[in-house]
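A.B. asks: Chains as they are written, first to last, in my numbering: chain S, 1 to 60; chain Y, 1 to 132.
Among these hints, one or two may not hold up.
Covered stretches of chain S (chain Y as the covering partner; in silico rule of three or more C-beta atoms under 8 Å from a C-beta of chain Y) [as the list claims (entries may be wrong)]: (1) 1-10; (2) 13-20; (3) 24-36.
No lab work stands behind these hints: they were computed from the structure. Note that CB positions come from ideal geometry on N, CA and C, so glycine has one too.
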Amino acid sequence: MIFQPSHFAAVVLFALFASVVFGITQRETPRRMIRYGIYCFVLFVGSAVVLSWLMYLIAR
Amino acid sequence: MATEQNKSAAGETGFVHLPLIAGWLVPGAGHFLLRKWGRGSLLAASILGMFVLGIAMQGKLYGGAHDILDVLGLAGDLGNGLLYIISRVLGLGAAQVQVTTADYGTRFIVVAGLLNVIAAVDAHNLRTGRKS
Numbered sequence: 001m002i003f004q005p006s007h008f009a010a011v012v013l014f015a016l017f018a019s020v021v022f023g024i025t026q027r028e029t030p031r032r033m034i035r036y037g038i039y040c041f042v043l044f045v046g047s048a049v050v051l052s053w054l055m056y057l058i059a060r
Numbered sequence: 001m002a003t004e005q006n007k008s009a010a011g012e013t014g015f016v017h018l019p020l021i022a023g024w025l026v027p028g029a030g031h032f033l034l035r036k037w038g039r040g041s042l043l044a045a046s047i048l049g050m051f052v053l054g055i056a057m058q059g060k061l062y063g064g065a066h067d068i069l070d071v072l073g074l075a076g077d078l079g080n081g082l083l084y085i086i087s088r089v090l091g092l093g094a095a096q097v098q099v100t101t102a103d104y105g106t107r108f109i110v111v112a113g114l115l116n117v118i119a120a121v122d123a124h125n126l127r128t129g130r131k132s
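So here's chain S without its partners, still in its complex pose:
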């Protein structure tokens, strides 16, 4: 089986898995785990999108 995701799909998958582990391990209550997991996910994906646009504009 060969899996060849797009760049963005790879970022989203990476962010999803890492955020779940960060949320569970870095906070104590379920509510705070979910909030921190979402926070990490948004930061991962958001920073990738912002940096991508930055590199696109620099390259032009």
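Could you slot chain Y onto chain S? The hints should help.
C.D. replies: Relative to the frame of chain S, chain Y by itself:
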């Protein structure tokens, strides 16, 4: 109170490092030993998912250390515990990175190992009562 439950779950007189070692060898096993079924399942699914996708992307499994970057990659891969050993025995993963997604796959495998170490340390903290 949660600390008392953790201790009774893993056996108060049991080996205190068992969740740490079990969690390293098998993703989520440290939490399962402490009867944290939900957390253990999510951790296992995330780490296993990341590792399997890394292999499916033709990611490279570090087998030796030729330079400092290889040493770091190998250290990350070893964090996967039995997953790494079994994959090496079965000859999974690419020997060389040949396509773009294989580079992502290599990172997925290394990061899965690092996340597994974080999860194992979390199980240890639960066992010792440092975390509830």
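A.B. asks: Each of the hints needs a verdict: does it hold here or not?
C.D. replies: How the hints compare with the structure:
1. 1-10: holds (count 6)
2. 13-20: It holds, with 6 qualifying residues against the three required.
3. 24-36: Holds, because 3 residues of the segment 24-36 of chain S bring their Cβ atoms closer than 8 Å to Cβ atoms of chain Y.
Checked against the numbered hints above, the structure breaks none of them.
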